[in-house]
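Given the structure of chain A, go ahead and fit chain B onto it with the hints provided.
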Amino acid sequence: MDERKEDFVEFQLLDGQFFTKIPRKYLRRKKFQMPDKSQLKAFIPGVIQNIYVQVGQKVRRGEPLLVLEAMKMKNDVNSPVEGKIKSINVKIGDVVKKDQVLIEFSDFED
Amino acid sequence: MLKKLLDFFFRKKKQVLESEKTAKEKQTKQGKLTARERIERIVDPGSFHEWDMFVQQASTDLGLDKKFLPRDGVITGTASIMGHPICIYAQDFSVAGGSLGLAHARKITKIMDHAIKLGVPIIGINDSGGARIQEGVNSLAGYGEIFFRNTRASGVIPQISIILGPCAGGAVYSPALTDFVFVVDKISKMFITGPEVIKTVLGEEISMEDLGGARVQAEISGNAHFFAETEEECFEQVKKLVTFIPWNNRKKADPFPPKQPKVNYRISELIPEDPRQPFDVRDVIRAIVDDSDFFEIMEFFAPNVVIGFARMNGETIGIVGNQPKVLAGVLDVDSSDKAARFIRFCDSFNIPLVTLVDIPGYLPGVDQEHSGVIRHGAKILYAYSEATVPKITVIMRKAYGGGYIAMCSRHLGADFVFAWPMAEIAVMGPEGAANIIFKNEIAESPNPEETRKQKVKEYIEKFANPFVAAANGYIDAVIEPDETRKYILHSLFISRSKEEQTLPKKHGIPPF
Numbered sequence: 001m002d003e004r005k006e007d008f009v010e011f012q013l014l015d016g017q018f019f020t021k022i023p024r025k026y027l028r029r030k031k032f033q034m035p036d037k038s039q040l041k042a043f044i045p046g047v048i049q050n051i052y053v054q055v056g057q058k059v060r061r062g063e064p065l066l067v068l069e070a071m072k073m074k075n076d077v078n079s080p081v082e083g084k085i086k087s088i089n090v091k092i093g094d095v096v097k098k099d100q101v102l103i104e105f106s107d108f109e110d
Numbered sequence: 001m002l003k004k005l006l007d008f009f010f011r012k013k014k015q016v017l018e019s020e021k022t023a024k025e026k027q028t029k030q031g032k033l034t035a036r037e038r039i040e041r042i043v044d045p046g047s048f049h050e051w052d053m054f055v056q057q058a059s060t061d062l063g064l065d066k067k068f069l070p071r072d073g074v075i076t077g078t079a080s081i082m083g084h085p086i087c088i089y090a091q092d093f094s095v096a097g098g099s100l101g102l103a104h105a106r107k108i109t110k111i112m113d114h115a116i117k118l119g120v121p122i123i124g125i126n127d128s129g130g131a132r133i134q135e136g137v138n139s140l141a142g143y144g145e146i147f148f149r150n151t152r153a154s155g156v157i158p159q160i161s162i163i164l165g166p167c168a169g170g171a172v173y174s175p176a177l178t179d180f181v182f183v184v185d186k187i188s189k190m191f192i193t194g195p196e197v198i199k200t201v202l203g204e205e206i207s208m209e210d211l212g213g214a215r216v217q218a219e220i221s222g223n224a225h226f227f228a229e230t231e232e233e234c235f236e237q238v239k240k241l242v243t244f245i246p247w248n249n250r251k252k253a254d255p256f257p258p259k260q261p262k263v264n265y266r267i268s269e270l271i272p273e274d275p276r277q278p279f280d281v282r283d284v285i286r287a288i289v290d291d292s293d294f295f296e297i298m299e300f301f302a303p304n305v306v307i308g309f310a311r312m313n314g315e316t317i318g319i320v321g322n323q324p325k326v327l328a329g330v331l332d333v334d335s336s337d338k339a340a341r342f343i344r345f346c347d348s349f350n351i352p353l354v355t356l357v358d359i360p361g362y363l364p365g366v367d368q369e370h371s372g373v374i375r376h377g378a379k380i381l382y383a384y385s386e387a388t389v390p391k392i393t394v395i396m397r398k399a400y401g402g403g404y405i406a407m408c409s410r411h412l413g414a415d416f417v418f419a420w421p422m423a424e425i426a427v428m429g430p431e432g433a434a435n436i437i438f439k440n441e442i443a444e445s446p447n448p449e450e451t452r453k454q455k456v457k458e459y460i461e462k463f464a465n466p467f468v469a470a471a472n473g474y475i476d477a478v479i480e481p482d483e484t485r486k487y488i489l490h491s492l493f494i495s496r497s498k499e500e501q502t503l504p505k506k507h508g509i510p511p512f
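For the protein sequence lines, the chains are A and B, in the order given. According to our numbering, the first sequence holds residues 1 to 110 in order. According to our numbering, the second sequence holds residues 1 to 512 in order.
This is chain B alone, in the form it adopts within the complex:
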């Protein structure tokens, strides 16, 4: 018995302690934490249980038989985060560059299968040089198996990717298929083809950081959802996210004790009289949600639309809001993509949607049209129409034209639509409309500018208000801005047991 135990301790020591020592040396040099440290700092203390510790490389070809690759370069296991059960894996860059061999991939797919079967979120920490070349097509097979599971698990369990090192080539498609991608400044690097290849083929010179660093992914490409300065800050973001989302698509997010918003936000004081003056929609959000705690997603990408989680009466809600402070809050290619994907996440995971509208329309421009703003803009219509979770819309100020329809209007199936008294629900803004409708009168007038102003005023009085829409039943109530929380809380309460049957189908065909 003792001998067996000693043998076990010896083996375990080799796998854990010795490999951790090497890992520590190698990772510290690059300013990174080890795979084990990362897991331990994300999960609740003492909750991590490692599985498949004794797995080693599957191949013995090309000198692999002479190498000691503990755990084949990936740590997998189960744990809890703030009491929520999760499955987790972390690639270990200190073992053969975190390269993905067959055994490595099998460990990942095994823990993914666990997560799917048990209905708990999966968190993947990526820090890998890519495919293990010695293992050839088996390594590619491994990636394929991971992508397959990422896709099949999409909308079933929340999937979180944390990029804490290189994640390049095909490997980067696993994070891309997951729901939330976290990056850390100067540590995360994501790209399909690296600077070397780009230089050889196109002659374009760019650094790795400028090509696919954390800032680029968070601000320009929109591949990342959360940006942090340090690994520690990133882990705090991950923990916070986990508390907002349910374990799986059959559950609701765990409720928290209800809290009042912090009183220092009064909506009526936040909104400028002139609809062309900006305000920060996030201040409105903070004025209506519990504890004024708004957890913003994709803060730096397409900031003309704001998305994120918050709680009302202790329950998680998803918020989509036009941001008048950036590009006047227009919809464009990027913001449509951003909002649409978030709406689909919320719908998949039973999170009610609250939409705050102040939109002058879609962004004009050749670049927009040529990048497919029709196709991308359609995603937001698709996502809202498809969503069957409770949908509550508040029209704050402008809601013009296609933008009005797109932002979860009654016509796309909103359950409750409210408008503030200063809301302007119209085909277009007063200036544009008057110029078109009264074109001849303005042109023929002895004083065109005076006539134009007169006509704009006429239009404003007749159409730039919420009452035409209210008279048609397109909005349910005109409310005072400071009553917004009260009305949303009531709507959420009333729609708690909402269930909607959709037409039988395999799946829709969204304008990807």
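With the rest of the complex left out, here is chain A:
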């Protein structure tokens, strides 16, 4: 590891700032984000096989919303919230990526 003066930075801990190096793995770590409950995201990449709901429809928690086929499995995707369908961003046959927003909710309750 080549050492350069500028590699050293102020690093904040409970006991003040320490002058130290930060490894790449630490810099690349996934920073925590509160999950956004107003959106339903694809948990795995796949193909939308079926959509059970329509825009404006009220849904209950646990109600099946759509079928996402991935790894040869037809996965029922259920509503994580109680609320109203604000928009459906996919249609049957769409190929979706991981974390792509599929459905948005309004007036929802956790």
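Keep in mind the hints are simulated off the structure, nothing from the lab. Hints may be right or wrong, so weigh each one.
Ranges of calculated distance between the beta carbons of each label pair, as one might list FRET restraints [to be verified]:
no., chain 1, residue 1, chain 2, residue 2, range
1, B, MET208, A, PHE43, 53 to 61 Å
2, B, ALA471, A, PHE43, 51 to 59 Å
3, A, MET71, B, SER207, 18 to 26 Å
4, B, THR28, A, GLN49, 49 to 57 Å
Straight-line C-alpha distance at most 25 Å; calculated DMTMM-like pairs for lysine to aspartate or glutamate [to be verified]:
no., chain 1, residue 1, chain 2, residue 2
5, B, LYS240, B, ASP280
6, A, LYS25, B, ASP185
7, A, LYS30, B, GLU205
8, B, LYS26, B, ASP185
9, A, LYS25, B, ASP337
Predicted, not measured: the structure shown is a model, and the values here were computed from it. Virtual Cβ for every residue (Gly too), placed ideally from N, Cα, C.
Frame of chain A; chain B shown alone:
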């Protein structure tokens, strides 16, 4: 007689010379040495003796009967490295991609059984495309038998894996079960599921190198312990390692002639006054060990804790040190894993432990908590408490809170604990402590900042020193930094015949 001899020579030629020629052609194209070359470059010249040379594939199904697979794709044998006896095997990628068939696996398990029975280290060179599909479940059985022996031999004989080619899927669990894994840049590839599968299933695109190349394994995943640019450099590392470790768990590592550290390192000049300024703990290590020779393990992974072997008075010791130069020397998930496994290796193989402490605490963060820093951090407590080899601790500067306890404190069974005069042994650092204890006074003061500074100063004077701990007998002596080697040497001498009886049990349940 002559006819028999000629027949033997002919057979041997076919197995050795001809297969070596093919191997040479195929391996050179990939920038790799052949299995035989690898063995010969690791072991002492002329010491290698090959066994099971005439073994061939066990199966004749699916066209295997028409193939010539010399040695079934693996060379096994015994040899010496710098005079130390070892068992060794090397997979031959030029024979059916080094694929593991039943006979191949039996050769490996046979040499492993030898190593276990004879009490010598086993070295495995991995260069294989994986299971031999034609041999079906027999190939899987072979892997299972290897993993079983890796596990049963763990803590009995040192096990070394050298990854010099692909090592993917289930096959990679054998190295993972061994004590030390060596990788070489651009040659080693390790993964459970390859780029193809990841792309098909998750749509994530990544190259083989970025997924499981040598650099990734040495820096990000922590699967590899040693990284080298070339095979030659890797072999030098292997040889050096072998000299530091004993043949088996009933022996001590072979002693070397004692040497003084190189004089150009003076500890008192290495340490900055301000405890928030960094220094390189490896310089302190070099200042106290024989010939200033520190053999670092896992240099690139979790560098906030430094581990490795060195010698003092000619005898091998294992060193664990916080590294103030990286992440202020905190403990986190990765560094706890790294240190804990090393401590357990040293304990298994009768290598005394020297711990150098300068720790501001555990690393805060959601990612740390969610990755299980509680469970991982507990490993280091477990490993130190469990270890019965001589344990010597030097508190250099900060030793705060849980970090103080974890870094082989008296309370975890350290035999000798020393502290430098600038050591701060406390529940937390002065800033944090003053802010909590004097919260109201600071808030109600007409000049809060002034009061805060005053209170921090008060705290420093009262607690940020080694004398409270010394008064309680938690440390045995406050020593000058430049006396550190002297005190460690004495402690090692006194604890030479240490033996500790532990409670009868089958085995503990460490927080894996």
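We went through each hint and held it up to the structure:
Take MET208 of chain B and PHE43 of chain A: their Cβ atoms lie about 26 Å apart, and the range 53 to 61 Å is violated. As the Cβ distance of ALA471 of chain B to PHE43 of chain A is approximately 57 Å, the hint placing it in 51 to 59 Å holds. Between MET71 of chain A and SER207 of chain B the CB atoms are about 23 Å apart, so this pair conforms to the stated range of 18 to 26 Å. In this structure, THR28 of chain B and GLN49 of chain A meet the distance hint of 49 to 57 Å, their C-beta atoms being roughly 51 Å apart.
For the hint pairing LYS240 of chain B with ASP280 of chain B, the CA-to-CA distance comes to about 23 Å; that is within 25 Å, so the pair holds. Restraint check for LYS25 of chain A and ASP185 of chain B: the C-alpha separation of about 19 Å stays at or below 25 Å, so the hint holds. About 18 Å separates the Cα atoms of LYS30 of chain A and GLU205 of chain B, which keeps this hinted pair within 25 Å; it holds. Of the supplied pair hints, the one linking LYS26 of chain B and ASP185 of chain B holds, its CA atoms being roughly 19 Å apart against a limit of 25 Å.
For the given pair, LYS25 of chain A sits about 15 Å from ASP337 of chain B by alpha-carbon distance, which is consistent with the 25 Å threshold.
Violated hint: 1 only; the structure is consistent with all others.
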